[in-house]
Amino acid sequence: MLICLCFSSRFNWSELIPLRLWGRTLGLQTEHSQFLLEGMPFRIFGGSMHYFRVPREYWEDRMLKMKACGLNTLTTYVPWNLHEQERGKFDFSRNLDLEAFLSLAAKNGLWVILRPGPYICSEWDLGGLPSWLLQDPEMQLRTTYKGFTEAVDAYFDHLMPIVVPLQASTIHYPLCPQYKKGGPIIAVQVENEYGSYAKDPNYMTYVKMALLNRGIVELLMTSDNKNGLSFGLVEGALATVNFQKLEPGLLKYLDTVQRDQPKMVMEYWTGWFDNWGGPHYVFDADEMVNTVASILKLGASINLYMFHGGTNFGFMNGALEADEYKSDVTSYDYDAVLTEAGDYTSKFFKLRQLFSMIIGQPLPLPPMIESKASYGAILLHQYISLWDVLPALVQPIKSEFPVNMENLHLNDSSGQSYGYVLYETVIFGGGHLHSRDHVRDRAQVFVNTMYVGELDYNTVELSLPEGQASNWRLLTAIGFRQLRLLVENCGRVNYGLALNEQRKGLIGDVFLNKTPLRNFKIYSLEMKPGFMKSLQHTAGWSAVPDYFVGPAFFRGRLWIEHQPQDTFLKLQASPIFLSFFLIEIFKKLGWEKGVVFVNGQNLGRYWKIGPQETLYLPGPWLWKGSNEIVIFEERTAGRIIQSVDIPYLGRTQYVD
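Each residue of the sequence shown is one higher than the last, beginning at 0 in numbering that gives the first Met the number 0.
For the record, the hints were derived by calculation from the structure and aren't laboratory data.
All C-beta atoms, glycine included, are put in the ideal place defined by N, C-alpha and C.
Among the hints, a few may not be true.
Claimed, not checked - 27 Å max Cα-Cα, derived BS3-like pairs, lysine-lysine:
no.: 1; residue 1: LYS207; residue 2: LYS296
no.: 2; residue 1: LYS207; residue 2: LYS371
no.: 3; residue 1: LYS225; residue 2: LYS198
no.: 4; residue 1: LYS569; residue 2: LYS513
no.: 5; residue 1: LYS66; residue 2: LYS88
no.: 6; residue 1: LYS296; residue 2: LYS244
no.: 7; residue 1: LYS66; residue 2: LYS296
no.: 8; residue 1: LYS88; residue 2: LYS532
no.: 9; residue 1: LYS244; residue 2: LYS371
no.: 10; residue 1: LYS325; residue 2: LYS623
no.: 11; residue 1: LYS371; residue 2: LYS607
no.: 12; residue 1: LYS145; residue 2: LYS106
no.: 13; residue 1: LYS532; residue 2: LYS397
no.: 14; residue 1: LYS397; residue 2: LYS520
no.: 15; residue 1: LYS88; residue 2: LYS325
no.: 16; residue 1: LYS397; residue 2: LYS527
no.: 17; residue 1: LYS532; residue 2: LYS520
no.: 18; residue 1: LYS251; residue 2: LYS225
no.: 19; residue 1: LYS569; residue 2: LYS520
no.: 20; residue 1: LYS251; residue 2: LYS325
no.: 21; residue 1: LYS198; residue 2: LYS325
no.: 22; residue 1: LYS251; residue 2: LYS88
Claimed, not checked - Listed next, with one range per pair, are the computed distances between beta-carbon atoms:
no.: 23; residue 1: HIS561; residue 2: HIS536; range: 46 to 52 Å
no.: 24; residue 1: PRO619; residue 2: TYR456; range: 34 to 40 Å
no.: 25; residue 1: ARG435; residue 2: TYR546; range: 32 to 38 Å
no.: 26; residue 1: ILE608; residue 2: LYS88; range: 32 to 38 Å
no.: 27; residue 1: SER293; residue 2: ALA497; range: 33 to 39 Å
no.: 28; residue 1: ASP508; residue 2: SER229; range: 38 to 44 Å
no.: 29; residue 1: PHE479; residue 2: GLU56; range: 52 to 58 Å
no.: 30; residue 1: ILE161; residue 2: TYR546; range: 50 to 56 Å
no.: 31; residue 1: LYS623; residue 2: GLN33; range: 50 to 56 Å
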């Protein structure tokens, strides 16, 4: 049950919203232990929502739900690796239209704390840093290494002209003469959790000055957990803290690093993220709300991380590397205040009750939730093997040595960032294959088209048959065989000290009988929209047999009669084509691991090891009428998938 706490004062911020404060001059300031906004006492009741994880059509809905919960501030990261996917080519359009997102926040009465990085962590591939940085073998990320700071400077030169005019203070800045009326941004964070990295004592000052020199005038902040707090400070920025459990004296610990300043929890973790092969983590709603109440009772401001998590669409999930490598799932539901699809949870209503009590005035009514649809079974009626696709759609790169993904000569010399790479070479006979731990992250191994096994962090060697069996004699009739390694980048680590070691593909030699393999054909399978469009028109699609082993692409159609709605795709086995006594065996088969595309949109990865069992499919990405679904399946394919109206994120485990 919610602890009843008495607050010494209530806050009426009805006039302290962006559109009612045109002509303001002061922005957010600190005065002793409190924040002032336009000279008036102010508490930050914030919530995190990332525009790049939420379909643009739903941005406003989520913001209205923030307001209805009682929040006054939105926080968002800015992902460098989406805005500059290729070096020197910047994208701030469509779902990456940061200016539109921030302006929409202002329209809906929300202030903004912007967290532009360049590093953002966020369970996002390489913490938001573009992978082409790793082309430099000497690269030192998050330091004042010249190769890194030059890239950051070029990025900030494009980002800051978008951000600067949307700051709250109306201080005239000569580089932006149109900057006259102010915007929603009241604070800007310098980097992110640098105290847990802390490899360069000059780096935080560099980032701070990179912001100031480009026109940032708002209050600067840093953000760290308790252990990193004292190592992530920079002069002139307010230190804030991140946690989930309110340990005794934790907020007072801020006084040891900065005296007589407002206290703020930049990240109060409302839930937690999931890794493939683990449980779906949940955090008790009552415990969460009680902790929020205790934080506010102590006079601190707070930001709920996450208010709405959204989805790691495409290949953008991050990974952990502590005792072992673990990649993050596609869903970023986070057990947050709103679900992955934006629906209310018990946390929302408990927080709304708490904030309403503190604010002391009626909150806006919560918007109606969007209906979810169950479109039933979808038959995948055609397939084409990866081996048949390659000659038509992918031009191989020839190299004597294996080349890691980032250093492939692709994308205007920016390399390959995500997806798969196929390494193909000729071998004579079989023997002992050893990766020397040079596979990042998983490799399926084939001789010609015959599957042999997998190599990964835990399995570094395989035996290749010598060819005694008759089927192997057929493969070796012409005297040689093709060894193929299909390597998947499962997601780069986004947190910790191993960021510089996140190159993917084959990062070194692979040995057969103690001899390094040479003379590769390397096929890039990034599965970008252009590739998927070409795949539609490729000859060779055939009817799906009763049983088929990939890798292959499968396609089918979802027909929608009325206005499309959100749904969830559940990949499951379909035993209808097998005899009754094989059904139990078939249950162990079906869709195993791969990626789903709908109308060209990459929904993300699925994997039978769980915990996640459904992929979120937003209604705005569907069309009335025919919708094409394409699945890239690595191993064992099913025949149908299910469209359901309820997500299933897996077996749950409470966060300790």
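Quick one: are SER293 and ALA497 within 33 to 39 Å, going by C-beta? holds, 35 Å
27 Å limit on alpha-carbon distance, applied to hinted pair LYS88 and LYS325: violated, 31 Å
So if I understand the rule, the pair passes when the alpha-carbon distance is 27 Å or less; does LYS397 with LYS520 pass? Holds: LYS397 and LYS520 sit about 5 Å apart, inside 27 Å.
Given the hint that LYS207 pairs with LYS296, does the C-alpha gap stay at or below 27 Å? violated, 32 Å
Between LYS145 and LYS106, does the CA-CA distance stay at or below 27 Å? Not satisfied, since the Cα-Cα distance of roughly 40 Å exceeds 27 Å.
Is LYS244 within 27 Å of LYS371, Cα to Cα? violated, 34 Å
Tell me if the straight-line CA distance from LYS371 to LYS607 falls inside 27 Å. Since the Cα atoms of LYS371 and LYS607 sit roughly 24 Å apart, the hinted pair holds (cutoff 27 Å).
Taking 38 to 44 Å as the stated bounds, is the beta-carbon spacing between ASP508 and SER229 within them? For SER229 against ASP508, whose Cβ atoms are near 43 Å apart, the range 38 to 44 Å holds.
Restraint status (C-alpha distance of LYS569 to LYS513 at most 27 Å): violated, 44 Å
Just to be sure I understand the hint, the distance between the Cβ atoms of ILE608 and LYS88 should be within 32 to 38 Å; is that true here? holds, 36 Å
Please verify whether LYS296 and LYS244 have alpha carbons no more than 27 Å apart. At roughly 15 Å apart (the allowed maximum being 27 Å), LYS244 and LYS296 satisfy the hint.
Straight-line Cα separation of LYS207 and LYS371 no greater than 27 Å? violated, 45 Å
Checked against the numbered hints given earlier, this structure breaks hints 1, 2, 4, 5, 9, 10, 12, 15, 19, 20, 22 and 23; the rest are met.
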